[in-house]
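Same order as they appear, the protein sequences are chains D and E.
Just remember that our numbering sits 1 ahead of the position in the first sequence, which is counted from 1.
Just remember that our numbering sits 53 ahead of the position in the second sequence, which is counted from 1.
In short, the hints are calculated from the structure, not lab data.
Don't take every hint at face value.
Unchecked claim - The list that follows gives simulated cross-link-like pairs (lysine-lysine, DSS-like), each with its CA atoms no further than 30 Å apart: (1) K567/E x K157/D; (2) K522/E x K445/E; (3) K832/E x K8/D; (4) K434/E x K480/E.
Claimed, not checked - Which stretches of chain E does chain D cover? Using the computed rule of at least three CB atoms under 8 Å from a CB of chain D, they are: (5) 378-384; (6) 796-802; (7) 897-903.
Stated by the list, open to error - Every beta carbon over 12 Å from chain E, so not counted as near; a handful from chain D, in silico: (8) G45; (9) P48; (10) G247; (11) G281; (12) Q290.
C-beta atoms are modelled at their ideal positions from N, C-alpha and C, and glycine is treated no differently.
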Amino acid sequence: MSVAELKERHAAATETMNNLRERLRQRRQQLLDTDVAGYASSHGRTPVTFGPTDLVCCRTLQGHTGKVYSLDWTPERNRIVSASQDGRLIVWNSLTSQKTHAIKLPCAWVMTCAFSPTSQSVACGGLDSMCSIFNLNSPTDRDGNLPVSKTLSGHKGYVSCCQYVPDEDIHIITSSGDRTCVLWDITTGLRTSVFGGEFQSGHTADVLSVSINGSNSRMFVSGSCDATARLWDTRAASRAVRTFHGHEGDVNTVKFFPDGNRFGTGSDDGTCRLFDIRTGHQLQVYYQQPSDNEVPHVTSIAFSISGRLLFAGYSNGDCYVWDTLLARVVLNLGSLQNSHDSRISCLGLSADGSALCTGSWDTNLKIWAFGGYRKVI
Amino acid sequence: MPPEEGTTFPSLENEEEREYSFAVEYTGPPVPYELPRAVPINVEKIPLAAVASKVPLSNTELHIPVVTPILAPDRNRFSKELLLQPTVSPTSVIAFEERVSENTNNCLLSGELSSYESGELAELINNNDISSRRLGACSVSNEHSSMLDYCDSFDKSRESSSRAGVSNDDDLNQADWGSNESVLSLDYPSSRVSSLKTGDCNNDSSAEVRRPQVVTFRDIESDNGLDEEFSQDDVQHQVVTVKREPQTKGKKGSCYRCFKGNRFTEKEVCIVCDAKYCSNCVLRAMGSMPEGRKCVTCIGFPIDESKRGSLGKCSRMLKRLLSDLEVRQIMKAEKLCEANQLPPEYICVNGQPLCHEELAILQSCPNPPKKLKPGSYWYDKVSGLWGKEGQKPSKIISPHLNVGGSIRPDASNGSTQVCINGREITKVELRMLQLAGVQVAGNPHFWVNEDGSYQEEGQKNTKGYIWGKAGTKLVCAVLSLPVPSKYSNPCMEPLSSMTSRSVPDYLEQRTLQKILLVGSTGSGSSTIFKQAKILYKDVPFSAGERENIKLSIQTNMYGYLGILLEGRERFEEESLAEMRKRNCSKETDPEGSSDDSDNKTIYYIGPRLKAFSDWLLKTMVSGNLDAIFPAATREYAPLVEELWKDAAIWATYNRRSELEMLPSVASYYLERVVEILRMDYEPSDVDILYAEGVTSSNGLACVDFSFPHSSSDESIDTGDQHDSLLRYQLIRVQARGLGENCKWLEMFEDVGMVIFCVALSDYDQFSADGTNKMLLSKKFFESIVTHPTFDQMDFLLILNKFDLFEEKIERVPLSRCEWFDDFHPMISRHRTNTNSNSINNNPTLGQLAFHYIAVKFKRLYSLFTGRKLYVSHVKGLESSSVDAALKYAREILKWDEERANLSLSEHSFYSTEASSFSH
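Next comes chain E alone, as it looks inside the complex (with noise of 0.2 Å):
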């Protein structure tokens, strides 16, 4: 370099200083081109400056060049170096974006500028063929995104790169940068870059052309990185709103891709950064949509707040660009996804900025603030008074929500030293507290509800009714102050708008609380779910599954009527041997008797009920038996009759209890067996319930469900309304499978909680395989318990088949089970009587057999994971048993939820509660 470059600032350095510089004298050949001058800075004319100043501060970030990605290590450095500088010192950037426009001059000036990265810029400045490397790098990054393109484009993206590289040197306007970086997109036409570029030389102040929208490689870690540093430097950052700007713009009223059209051609925006585009483009700027118009690089950023109303109204262009159903689906993920919602953040109540909770409960409110926009409310929790911060009341929204922080008595700004709860109020508040009547003399405060009594701080009577009087609601209407929107009812109307209002959908998604039930077999729990069905739906069934299960009781129908004929064949064999072996005994008898009587027992059937006996064994052990109806039925019906009234039939069911096979709910279907086995056979809800693998049949069965607003559910809460917006999601899944390996459990990690099922009556059961069936539901629980994706997850235990337990526990004792040979219950002499009148506190063996279970199941729980686990019984026959099981759960989840705002003291409170509660 010539020495001038040195003396550019003398009287920035003295001789001194210049020992330390990084400046080396130039002493290779003359150089072709012309070297740049460098100016002495005059802070007016730092270009970043005046862009800076004419778009928010906390914008910067976009103007912070992007380095193109390339996995060379150092390159990336290099570009986080870059990223990192402090852009607040305008010399840094200076020197950052002279050295990268004017490829190899500046060296030596932005090395001086520059004080940070000296050794990095030494390097440089020593080597002075390493920006033309770094312009090779330049076009690496071009060909780089090339190859993301399947169509070629390769050379000329590679020429139109060479091309830009040229009109580099020449230029040392800052919009270089720009154009250097839109070569990247491939489908401009190179000379459609050129044009571009003397389109922003001349309009520089704002030209900033920005990195194609193709592919973006932005680093976004960085970016996030630069954005707190801004939000440190400004405090306002918070509240305003961050306001993305299009990152290329042309000549005004063009499309901003294209650069053609007027501002007469039909456009679409872009929700973040304000971007148009004409009809050609919007489809490659804006790609698939997947958050509604965005461009594709503003996908995740929030949407400009003055564009919130068009949110899900489509225009003309995309309606004639795409299809109807992608239109819908468009205008869906606009109006839904995450990243269009209202920032919570950005509303202020009463100083305190919401969380995502607050803002769901503000906006799903019965009476909810209207087209709520970001700013500082004051809200009066008391009143349901509503207003932008310092100013007058502007609505009267649903009182008692929980959000925000409490009032400021300066709130409203007001001047009247009248408070109404806590707040003083403003002057035309007051003039219309005195055209209603209200006594304001001596500066009194007052106490006002949501109904509009009030009283006087202090005093316990009420006073009166702000809104009582007709003209009051005049006088509010001429002086714009709100009226309660429905002051005739006011205590009716949150419960009737509640069940008429439709959820937002995007709250709904947010509102669903997934459920988990699992079970091993036999636990009951499908009977569980059919029972939450019933309980909560209005059509528990539809027409189609009350066939299916028409045909599946059928089907059971049959199987239970083989197991019985089976077991009379059975019976008929060992009574012909007994009675073979009576007449070895009489064989003296010379006559013999007669043989037909001989064959005939009581188990004796004729031989056409022994033609149908024989074949319906014989499907039953091809194990076709699903395949052969319902087509069976239509034929057989009369035969089943005949059958059933058959005496044979009739002493083989009296010796049931010898069949294992048959299932004790085989009982209750066979005591009406001719009726089920009609055509016209109406299964009804307690034929749904006991029906065996209705819903098992297709290993997971789910029900969408919210619990029904009931007289006897007003005692619990009233207090948060939004409850009943809640939706609950009952998942069945079938045990099969359910184990250590299990693939599929992690798809459930989302569910809020997990309840496991457990047949009390199981202890003295045995499986196949001679495994007690209540020692395999505990290692299935374990196993379930431990299970990764379940960590953390609260359990609830329903221990179910209470009643048979009951019942069953006075017969066999609970020792049958080996984990359970430690019960030694406490038992009082007069427990004979304890049955009949169990109001005495005496409690029966079941119900201690039952706490003695649960204890053994929370042991184990807390064994494992160190928590608590709730437990319930429930009989699974009983609605009301499984409905008490089921809100309990309700309540484990609510409490989940509150659990992190209470104190530990409450903590012990609440725990106690929901132990007693299962009791």
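Isolated chain D (complex conformation) (with noise of 0.2 Å):
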């Protein structure tokens, strides 16, 4: 078979696949009849509403000299890791806003970082293609540095996020810029299994973000560069349980629904959307036209304990707070008083729900709380 045939052959082969998808994709829109915002406002429900004083920034941690890219939340008591450009992972104290450790990290370019449940230890990924671990109990060495106390080093790319597995120290699952994510023994450092990559099929572009379901753990979603999302199971790392196609833009972060039968994402098309892990569909789509014309990108989305906010944060600095239900911007973080000088990079709900994190590139981070009568919601 010649070249030029095989080639030929090819393009008709990705012709016919465009051509599929295409009607999957019409298929799609003729079952999709409603979405969520149409069928709560036809049932009556009214939008959350927020007074100026209801969300209130209640504290700025200060003490990073970089950019913050990325932090967690301990699952209980109320400790903070962020990470920045400036090659340190601080441990805060968000009540007292001190800090309870600085971690130099061999390598500056870090990109993510993550709470282990138990609040023992931190991990953090990013450009050396490793995810280093750090128990905060182990004593520091003669710099006051914190050894690292294992590094899981296997990805070809670099690491653009890790979260602990609930319920156990002992597994992590990263995602990196070689389209693969991996779950990781973190006591042998090896890993476990390997999701996506050439043989399977995997995403087909950098994988940015990974979120494990809170109700099982065996369930976890990643969004790509590929402009998709995918759903794994960690039993049968082979192939991917579910795509979900519907962005335009990279998928820059993924994020469960508290129920765990739904995901947001976010993505650099400026918009975060819904998706339903038992049907496939997409639920709802939460975008708001900006006033100029650049479209600003999701950078990173949170739920509210109930799930019905959203908490987006844009790489314009705005972070609109979505009522889910409505599909209704409630509030801007970013034009209140006290808000980010620029982007917001990543964003946090504590465990028990009653405050919000937010870290940006002007190098700190605000922590948010319900203020007045309302604790939670």
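Using the hints, build the complex out of the two chains.
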């Protein structure tokens, strides 16, 4: 078979595939009779209302000297770990805004960090293509640096996101620029399973984010530069359970809905979307036309405890609070007093849902909490 | 309001004005509370004026009451307006103050007094209840802050706020404003608030109870606006250090926050505002101390200069309160954070305030002025004499530093008419000169060098050395004049101290220049990185690294062997097939040649080796070659040795050019396969240079280095000596994933320049999908150059593998790559012998082609950016060539810094030099 013939057949196959994909999309469109917002408003739900003082910035965590790239809360106790381009991880006490640990990293280009479920250790990863684990209880060395207690190496590209498997300190899932996600066994430092990659039906571009289902920790979802999100089962690494199309740009962030049956995504196309993992359908698009033509990217999202609110950080420094039911912006944290000066790069909700932490390229982290009578939503 | 309000100032108003007055007669029911009397203005009794006279005027910003932020727009406007009231007018201040403190009653008065916001105030007055609405706003703000705390206390604060509100009514004291504010602090029990208030009433002169520390809502912008306003008012502002006042002040010696304790309790002091806190309060008041021991509200402000000496010196109290690590971090932050550095504009040298770079130069010079304090200095650049403006010299620092303006004749306020380097010297200096035996009759003008040699102006010959005589030093000591620090070896001293002196930490952070090195795979960027390591590091590779490199070399080795063995199988089959064909032709042979001899070609290997070969190929196919090593090394080393001696392998090796998979470096290693695969093999630097995939294993590698001072280097510049302090960080990133949608290129926006690496010899190479590798590089180059992160970034293009290229271009025409199809070099007739004697001016074909390609890239670059691309060619395996390229990069970085200082005429000179360097 000649090369020209092969190329021809390849082109034909691509064509067929695109046609099929288009048909699939149309069929989905047909089936989609309503979205969450339409249904909710038809049932007379009214949007959440927020006064200007209902959500206020009550702490500013200062101490990083570079852009903050990532943060994570402990499951219990109000501690936060944040990773910044100054090459440090800082562990904060969010109540007192004190630093309890500052860890100098061997590689300054860190992109992600995570707290372990028992709050005993933190993990981070970045351009060094490794995931490093630091045990917070280990003694510091002569220079006052916390030594790396374990490195998980094996990725062939940068580590873009990591998250501990809930309720166990020994497993962590990382996503990487080498198009794979990996489940690691921290005690041995070896890969338990690799999701995606060359032979399998995985992502076709860099994976940027993972989120583990809170109610069923065997399932996790990943978002990638190929504009899709994929659902994986850790027991069956060979192929993705489901692929979610819809976004028109890189999927920067994914986060499971609190009930575990849905997940949210945030993308470079400026939208957040809500997908259902049981039906595979897209439930809702959250998009607000920007005032200027520059569409800001969604950098990070988080759901409130009930799921009624969706917090989304944008590259222009906005941070919208969406009402997930009615798809309306109820508050823009970026317009409040004391808001960040620069891009919101990461955000996270504390485990009890009482406070939101945002990290920004202006080197600060801010903690927002509900004021007045409202404690949790 | 009773009409007497209007009649309070009969002298100020005549009947006509009253018509336009905004005061409206009060017609409502009688008020139950007592009406405050508006007292005629008495200049001495203006409350704010009294306070302002106590502190520097620039400080007055702190007295401006800051209104708690509430999002409601009208309130915002209100606060702005208040802040913008020119405080120089005492009346308006009173108006404001009183309006705030007495909730309703004074509207009339203030309305008449302040002529500015008449519109707003008219509203206020007409609407009697608007002030109560404002009170509501106040309590909203209280709620507001109460929510800030995680722990409840909402009710408590509400309660205390109402209490404060009540107390406001009967207190006309200015301090009320403060106490009203202080309620916002949730941590104050309300009883304390009232006690504070009474305390303040007693000493109202300095009572300025300010907003609490827990959360600040201070409107920074409007603050700045005020600041500017004051700096205009106050010419002295620039020189006078702005001293922040503490926000709360209790009775003498007590803690500024809890007002307990006395002067003997141990306290920590804020390095900005001098507030003192007891051990219970210090952590609350200072928070996480991101900039050291400062109140939360003082973060970001420059420190009190008198406390500079105690920076980084920890007190016992902190040590007790915090863990060791935290204390260390805080002290480090205190010393190194930007806000705590000496503000360069406070230091004036020869009448010019310094900028950041100049201060850095001054502090990092080999012989810096000790304990630099804000103030104006004069500096004699030729001799290095340094002193306070208007005083005799106090020190001799390093000469020729490019800081400040030029020295003025009256810099040291001398009156002797004798000049040294254009400065009229003081009498003390004149006396010293006389004692040193210098001829000073006739008011000569001297020219003194840093080594003490002096000459009279306009004359060439050196007349002598001022500090040459032993007695002079003694005289200087008596007259308290400076002498050069190490006179015995003035020339040697800077160099030796340079190498031994460690750079202060905060300077190191400033002088680290980052260089990003990128290149598509196979462009040799990793070789350049390794060369940099070998060139500039004392220990280029640590033991662990060497061990890893050794493993990867050995793994590569097995890979090469595998390729060879695969080739051997192929060759064996081919020759077998050939043999069979021959056999077929010899079919007529009745006997039939012996079978075993049939199967043995020159590519035949024994069964043992065959088994090894099969095993190796199988592992390679399954792709886990990395996994089985290094365990395999031990086992198979002798087998490999046997294999390598086998004739079949040699026969294959001789046909290696037919094996496309085998990289060109493989032969370098294969020649020494036996040695390398031994257990005790130690890779040499050259081995490491040749090794593939050593640095790319983990995406990103970086090396910190500084260029060593070599003799050849001195020709370039000895002038700016702080250069050797400059440190460079070479960051090499893997090309994979560096695309348009690359998520992490943003992390490198702080690099000084980007070195882009292209392999020249790629022009006839094709990637797996059939695209020319040079075109791939070009595409990659375009995407990097146009990436928004690298807007306005300098690029250095390194055309690598020049040696291979020179050799290849003789065989393969450059037009193999379609981008280069219009390459028509002028080839001289005598080209055949130019290779041997390239001394004559005929450039070789390789050089011509290099220039051609360089121009191609330069055009491409200027098409996208409109700027100039720097190009250099490099032979990656020759250390001298890499060294030259990296030094060129340094020149570009330096040139970038200096570009701003140079005029246009010099521009052309520099740019030609830069391009000629690349040739």
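Each hint, compared with the structure:
1. Proximity of K567/E to K157/D is assessed by CA-CA distance (about 24 Å); at most 30 Å being required, the pair is judged to hold.
2. With a C-alpha separation of about 21 Å, the suggested pair K522/E and K445/E falls inside the 30 Å cut-off, and the hint holds.
3. Distance restraint check for K832/E and K8/D: the Cα-Cα separation of roughly 22 Å lies within the 30 Å cut-off, and the hinted pair is therefore satisfied.
4. For the hint pairing K434/E with K480/E, the CA-to-CA distance comes to about 21 Å; that is within 30 Å, so the pair holds.
5. Counting residues of the region 378-384 of chain E whose CB falls under 8 Å from any CB of chain D gives 4; the rule of at least 3 is met.
6. With a threshold of 8 Å between beta carbons, the proposed coverage of the region 796-802 of chain E by chain D holds, since 3 of its residues qualify and at least three are required.
7. Evaluation of the coverage hint for the region 897-903 of chain E: breached, as 0 residues show C-beta separations to chain D shorter than 8 Å, against a requirement of three.
8. The beta carbon of G45/D is kept farther than 12 Å from every beta carbon of chain E, the shortest such distance being approximately 29 Å.
9. Listed as outside the interface, P48/D is consistent with that label: its C-beta sits roughly 19 Å from the nearest C-beta of chain E, beyond the 12 Å cut-off.
10. Taking the minimum C-beta to C-beta distance to chain E, about 18 Å, the non-interface status of G247/D holds against the 12 Å cut.
11. For G281/D, the requirement that its beta carbon stay farther than 12 Å from each beta carbon of chain E is met, with the minimum near 25 Å.
12. Once the 12 Å rule is applied to beta carbons, Q290/D is consistent with being away from chain E; the minimum gap is 23 Å.
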